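Q: Chain residues, written in single-letter form:
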Amino acid sequence: MTVTEQRGAYRPAPPPAWQPRTDPAPLLPDAEPYRVLGTDAADRADPVLLRTLHTWLVAGRRYNAQATALTKQGRLAVYPSSTGQEACEIAAALVLQDRDWLFPSYRDTLAVIARGVDPVQALTLLRGDWHTGYDPYEHRVAPLSTPLATQLPHAVGLAHAARLKGDDVVALAMVGDGGTSEGDFHEALNFAAVQRAPVVFLVQNNGFAISVPLEKQTAAPSLAHKAVGYGMPGRLVDGNDAVAVHEVLSDAVRHAREGGGPVLVEAITYRLDAHTNADDATRYRGDAEVATWRGHDPVDLLERELTRRGLLDEDTVRAASEDAEALAAGLRARMHQDPRPDPMDLFAHVYAEPTPQLREQRERLRAELEAEAELDDEAEPDAAAGAVSEGGAR
Amino acid sequence: MTVTEQRGAYRPAPPPAWQPRTDPAPLLPDAEPYRVLGTDAADRADPVLLRTLHTWLVAGRRYNAQATALTKQGRLAVYPSSTGQEACEIAAALVLQDRDWLFPSYRDTLAVIARGVDPVQALTLLRGDWHTGYDPYEHRVAPLSTPLATQLPHAVGLAHAARLKGDDVVALAMVGDGGTSEGDFHEALNFAAVQRAPVVFLVQNNGFAISVPLEKQTAAPSLAHKAVGYGMPGRLVDGNDAVAVHEVLSDAVRHAREGGGPVLVEAITYRLDAHTNADDATRYRGDAEVATWRGHDPVDLLERELTRRGLLDEDTVRAASEDAEALAAGLRARMHQDPRPDPMDLFAHVYAEPTPQLREQRERLRAELEAEAELDDEAEPDAAAGAVSEGGAR
Amino acid sequence: MTTVAARPATMAQALTRALRDAMAADPAVHVLGEDVGTLGGVFRVTDGLAKEFGEDRCTDTPLAEAGILGTAVGMAMYGLRPVVEMQFDAFAYPAFEQLVSHVARMRNRTRGTMPLPLTVRIPYGGGIGGVEHHSDSSEAYYLATPGLHVVTPATVADAYGLLRAAVASDDPVVFLEPKRLYWSQDAWNPEEPAPVEPIGRAVVRRSGRSATLITYGPSLPVCLEAAEAARAEGWDLEVVDLRSLVPFDDETVCASVRRTGRAVVVHESGSFGGPGGEIAARVTERCFHHLEAPVLRVAGFDIPYPPPMLERHHLPGVDRVLDAVARLQWEAES
Amino acid sequence: MTTVAARPATMAQALTRALRDAMAADPAVHVLGEDVGTLGGVFRVTDGLAKEFGEDRCTDTPLAEAGILGTAVGMAMYGLRPVVEMQFDAFAYPAFEQLVSHVARMRNRTRGTMPLPLTVRIPYGGGIGGVEHHSDSSEAYYLATPGLHVVTPATVADAYGLLRAAVASDDPVVFLEPKRLYWSQDAWNPEEPAPVEPIGRAVVRRSGRSATLITYGPSLPVCLEAAEAARAEGWDLEVVDLRSLVPFDDETVCASVRRTGRAVVVHESGSFGGPGGEIAARVTERCFHHLEAPVLRVAGFDIPYPPPMLERHHLPGVDRVLDAVARLQWEAES
Ligand SMILES: Cc1ncc(C[n+]2csc(CCOP(=O)(O)OP(=O)(O)O)c2C)c(N)n1
Ligand SMILES: Cc1ncc(C[n+]2csc(CCOP(=O)(O)OP(=O)(O)O)c2C)c(N)n1
Ligand SMILES: [Mg+2]
Ligand SMILES: [Mg+2]
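Protein chains in written order, with our numbering: chain A, 1 to 394; chain B, 1 to 394; chain C, 1 to 334; chain D, 1 to 334.
Some hints could be false.
[To be verified] Beta-carbon label-pair distances, calculated as ranges:
no., chain 1, residue 1, chain 2, residue 2, range
1, D, E225, C, R209, 44 to 52 Å
2, B, T292, D, E197, 46 to 54 Å
3, A, V48, B, R257, 57 to 65 Å
4, A, A65, B, D167, 50 to 58 Å
5, C, P8, A, A371, 32 to 40 Å
6, D, R286, A, L375, 25 to 33 Å
7, D, E197, A, G116, 40 to 48 Å
8, C, D236, A, A371, 21 to 29 Å
9, C, E225, A, G74, 19 to 27 Å
10, B, G259, A, T282, 33 to 41 Å
11, B, A278, C, R327, 49 to 57 Å
12, A, D287, C, P8, 31 to 39 Å
13, B, A329, D, D26, 57 to 65 Å
Hints were generated in silico from the structure; no laboratory data involved. Small disclaimer: the values here were computed from a predicted structure and weren't measured. Built from N, CA and C at the ideal position, the CB exists for glycine as well.
Sequences and hints are given; from them, build the entire structure.
A: Dropping the structure here:
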């Protein structure tokens with residue numbers, strides 16, 4: 001701190017409370033998104049990592065296409081595609097250790113799957129047979145969060161709790177550019193920084209919140225510039241450059257793991273598909289813009305690098321494509337089976353023990369279902385068997 | 001934007017969406033709070049302004065003492081004192097034009113009074129005879145806001161509306177260091193920046209949110225560093241230096257008025273009294289800290305400058321002190337009269353027209369009051385006259 | 001939004017027309033919310049408004065509901081008449097503090113000097129296969145908040161009339177739009193829209209003598225269907241559409257119940273602490289000696305809203321309504 | 001917090017003791033909120049906890065209620081048992097979305113795999129001369145939210161017992177602390193605190209044969225006083241303290257009403273859409289043929305909470321309770 005020149009008899013003390021609590025400079029993002037592919041740094045990228053990312057990106061792309069197709073066949077209630085954002089989705093999952101936690105937003109089923117969750121379970125919410133389809137503790141993946149940004153404080157609390165217990169756990173929380181405008185984003189980042197909680201916040205800036213473009217969402221130089229206001233580092237990365245995202249997130253996870261506190265990462269990417277299958281993107285953006293971004297496709301970027309490095313022989317391409325097709329075929333087959341969610345489950349998990357009021361309501365539903373089943377039995381014997389199980393009685 | 005060196009056949013396009021939307025550098029606050037008093041710049045300060053500030057600061061200090069005394073006499077339900085923060089309170093009011101709007105927080109009755117509101121009306125909330133004691137449109141002062149930070153989006157909406165109507169109006173909104181942690185702070189600043197609404201956000205960083213010190217509230221280098229994350233300038237000022245606060249706020253108001261959009265100003269100050277009369281500050285801070293800040297008292301700082309400049313003769317001192325005593329005496333006298341809020345007013349303003357349900361409830365209360373009045377009349381004739389007025393029937 | 005001749009119209013179209021007419025009639029009316037501009041809203045209710053009136057009149061905001069409502073409060077303070085769209089029921093919750101602590105109270109806090117003429121449009125309820133957090137019936141929260149008007153249309157004509165009335169009201173109105181009726185159709189002539197009636201009157205949608213079904217919004221069609229079906233059982237049911245939950249039309253409701261002597265309240269919202277309790281209690285207070293049986297309630301279960309594949313088990317349907325009617329102690333009659 | 005012998009204790013002290021004992025018994029219990037650490041809370045309920053258990057167990061958070069509750073959700077996900085303090089009723093509203101969309105639903109969303117054992121302590125109600133936004137009775141919002149337990153003590157012993165039960169519950173509990181009873185005293189031996197009863201049972205605080213007063217929290221003392229005063233009128237009133245609004249103890253309440261044949265629900269919360277409607281409706285459904293008169297309600301007016309100098313006109317007092325009792329159609333008796 002510089003000291004104002006002494007002059008005259010009186011000199012006010014500097015406001016005693018004031019000392020810059022942190023040096024802001026290292027917290028500010030670089031002026032340009034960090035990139036590896038197509039730069040000198042690409043030469044140093046680990047071939048094993050490149051191949052792993054490639055396999056996953058190809059699978060992810062195929063997965064997005066398959067899931068979108070399933071909406072047309074009435075097999076999913078809705079699907080928010082991450083086509084074009086696969087680099088972020090995959091990197092977010094791959095940088096974590098088993099013991100770490102992922103906090104996905106509603107668009108992030110691909111990251112959830114890359115973390116190990118069965119795709120059918122990951123899609124349960126969007127298929128509509130239940131809300132969360134997986135046990136969050138099995139792969140340490142929080143439920144997909146529909147209310148935007150609300151999952152961020154959860155990530156902070158979990159990471160904080162793990163640290164209090166002495167566990168070496170990092171939480172990575174995903175949110176969209178639109179989600180950064182919510183109060184919960186602000187409160188979560190602030191809590192994380194104050195508690196030095198080991199959390200990595202990954203903002204996928206895909207340019208839109210449904211129809212609302214980034215310039216109506218924020219006037220900031222970048223979303224990563226928000227970090228300094230919480231006292232955490234902000235990093236900017238090309239979100240379509242899988243190697244760069246992987247590197248920046250890995251660094252951030254290490255920083256958090258080593259006690260350095262939270263990090264905010266903004267990944268610049270683009271949603272190539274509409275918001276969901278129900279959305280009409282032509283209402284708010286032109287083909288030209290989409291075409292520009294197709295020229296910066298994360299799968300292509302990676303493939304070109306692999307090609308340049310001679311890592312993409314025919315076998316690799318075929319293997320990746322076969323893996324992807326197998327994933328899609330498996331998903332297709334299993335999603336074409338009719339799920340039979342048990343209506344009695346409506347009452348099974350509202351509380352540990354249903355209240356007397358819920359027990360009453362449960363019995364009323366049970367009676368209805370039994371009457372229904374009887375009617376069905378009369379109409380077509382056997383068809384309705386199993387519709388009423390004892391599952392709800394738990 | 002620098003362009004990565006061309007190398008090999010393939011070169012990814014820079015992420016098309018990416019361009020720094022604003023140059024971050026001018027948005028960042030200086031490393032040190034801006035000061036005038038005791039620096040060379042003080043010589044240039046306008047003597048008229050110095051005297052005006054001085055008169056108001058002395059009056060404000062006296063007002064704080066008087067209001068605190070009124071709590072001891074049971075004349076106020078509670079009083080959150082701004083002793084030590086008078087420079088901010090007064091400057092916030094003085095930098096505004098008549099047509100501008102002030103959005104105070106619950107601690108800011110002094111600013112409200114400096115804006116022209118009758119002190120008794122400004123204290124109505126804290127006296128307890130009604131919520132807001134003044135007509136907000138009379139002096140363009142929004143109601144004192146108890147739910148922290150919730151007034152900030154109101155300021156944004158009002159300023160935005162005025163701009164839409166083509167009116168040259170700036171809104172100045174006040175909030176505490178604690179209030180900056182609320183989601184509403186975040187959402188308000190973001191909306192203001194996106195809409196380039198003419199709003200000045202003044203954060204009085206007085207070191208505490210009740211008992212919680214700043215370092216548990218934020219890890220940021222300064223609160224002013226939050227501004228860059230919204231794309232607005234952040235300014236840091238010594239909040240006990242009335243001239244500096246006046247200058248920084250005046251600049252900010254001008255910036256907003258000229259269409260430059262919102263500004264965030266952090267004023268470093270200190271609450272010398274307890275949070276309210278009901279609080280025991282010794283539970284969370286030591287005498288030494290308070291003593292240090294007494295050495296940086298806003299009234300003293302200004303008086304020393306006036307003295308140095310030869311502007312503080314005995315007459316000026318006496319006049320200021322007499323003004324202050326007159327304010328206090330008037331307040332004391334009027335606050336010692338028992339207010340007689342009309343119970344029927346409980347129903348008068350819930351809706352423009354009371355609902356049938358409220359009309360029923362109102363008549364029930366009226367009957368009760370009439371029965372009460374009759375009883376009182378029997379006991380001591382005349383005493384209860386006027387307790388039931390027709391006011392509630394509106 | 002060009003004029004069309006009398007023909008079937010959807011509720012969504014009537015709502016759009018109401019906003020358009022309100023904006024044309026009064027330059028103070030501004031629409032704001034997420035995706036309301038360029039996209040015209042996810043339910044297309046604001047379709048065409050930004051184009052016709054400009055982005056300053058119909059504005060895409062950042063994604064922050066408290067900020068949207070808080071900004072609208074400030075706009076109303078300056079004399080505008082904002083109409084806020086919340087994208088879905090559950091996404092109005094982030095704005096709850098602004099709604100309860102400011103919107104509902106500003107007039108009262110300021111002794112009437114600072115009224116807030118603003119409308120909060122909230123698509124609500126289920127039945128459209130929405131994933132979690134997209135199908136809440138949140139009306140219980142709003143009707144327990146003094147200072148708010150709470151209205152909900154059940155017909156195409158009312159959608160127009162009530163929304164015009166809401167926007168014209170000098171008090172804040174929570175305007176609940178039954179999602180699953182957005183595409184319901186009715187012959188409606190947008191050139192001769194229903195006169196704008198003041199908020200607060202219920203209407204008898206079907207006369208009957210046996211018992212009264214008291215309902216609103218998404219459950220009106222269910223009740224009308226139940227009333228048809230009940231004829232087979234020999235019951236002649238009256239159906240009252242509340243339209244406005246606050247203020248509540250005790251007069252119309254109680255007149256009906258006094259006539260019929262029996263009543264069932266039907267809504268999709270959960271039962272416990274839901275509107276039905278209030279309605280049953282106040283009807284009972286006022287009509288006790290006319291009642292042949294307790295006022296019964298048919299409502300959603302007291303559970304978080306179910307996933308799409310199970311929602312049909314949750315939503316009160318015709319059978320449950322008839323079942324409740326059957327429990328109205330008819331033996332007393334014979 | 002050293003041990004004390006049997007002597008008068010305040011409700012605030014019993015709450016402190018409950019937190020202390022819960023923290024001592026289970027290292028997973030963490031307290032967090034605004035000013036709960038160094039200061040011990042604005043009502044001093046967390047006094048001494050940070051000192052005894054360290055700041056990691058009793059933590060002063062930044063000033064952001066959604067952040068506090070959201071963080072607590074994450075802590076509970078990781079196996080902790082957080083106890084959140086909201087400083088005042090109205091300051092829980094910013095956390096409404098976290099409460100409704102996550103806290104209340106996490107167990108259900110995850111098919112029981114991710115329960116959230118967390119307690120949200122909310123000082124509520126008026127009668128202490130608080131300025132606006134400091135005296136809300138917000139229970140209607142919580143009891144309309146499936147997935148939450150909602151409890152509120154009215155006695156010193158219950159304050160201890162119910163808070164221990166809340167913290168021990170594997171489900172989220174909204175724990176409503178009647179502000180104006182914080183300093184109410186009772187002979188209570190902190191060395192032999194009441195056994196921790198499971199949540200969900202009402203209790204008859206006073207037996208009587210003429211009519212039942214159904215109440216909870218801040219209105220219990222009013223009802224007991226009214227019952228005393230009613231003796232002069234020849235009424236022998238029974239007083240039921242609900243203690244738990246969710247789950248609701250239909251058994252105890254209905255048994256009492258069936259015995260007495262008349263009932264009045266008394267609470268400070270507003271009437272319209274408040275808990276009284278639910279209670280009156282469900283009692284009527286279950287006890288219709290035992291009722292000599294409709295179940296009446298004595299409640300706060302349907303207005304924003306009044307300023308300190310007028311709150312006495314708003315709060316249901318003994319006279320209003322007696323007045324309602326008088327309206328229970330006693331002529332039918334004679
Ligand atoms: C609290 C809340 N408000 C509104 C919505 C409705 N909504 C769903 S997705 C979406 C846009 C999200 O944009 P962004 O955060 O950029 O994520 P993206 O869709 O681009 O992945 C909106 C407004 C919601 N889910 N939650
Ligand atoms: C939303 C909300 N939460 C909590 C409170 C209770 N409360 C009143 S003042 C205060 C501290 C405010 O601190 P700060 O913002 O720094 O302002 P200061 O009191 O220092 O002026 C708190 C927590 C409140 N009024 N509003
Ligand atoms: Mg986006
Ligand atoms: Mg402060």
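Q: Take the hints in turn and mark each one as holding or not.
A: Results of checking the hints against the structure:
no. : hint                          : verdict
1   : E225/D <-> R209/C: 44 to 52 Å : 47 Å, holds
2   : T292/B <-> E197/D: 46 to 54 Å : 53 Å, holds
3   : V48/A <-> R257/B: 57 to 65 Å  : 60 Å, holds
4   : A65/A <-> D167/B: 50 to 58 Å  : 53 Å, holds
5   : P8/C <-> A371/A: 32 to 40 Å   : 36 Å, holds
6   : R286/D <-> L375/A: 25 to 33 Å : 30 Å, holds
7   : E197/D <-> G116/A: 40 to 48 Å : 43 Å, holds
8   : D236/C <-> A371/A: 21 to 29 Å : 26 Å, holds
9   : E225/C <-> G74/A: 19 to 27 Å  : 26 Å, holds
10  : G259/B <-> T282/A: 33 to 41 Å : 34 Å, holds
11  : A278/B <-> R327/C: 49 to 57 Å : 55 Å, holds
12  : D287/A <-> P8/C: 31 to 39 Å   : 35 Å, holds
13  : A329/B <-> D26/D: 57 to 65 Å  : 58 Å, holds
Every hint from the earlier list agrees with this structure, and none is contradicted.
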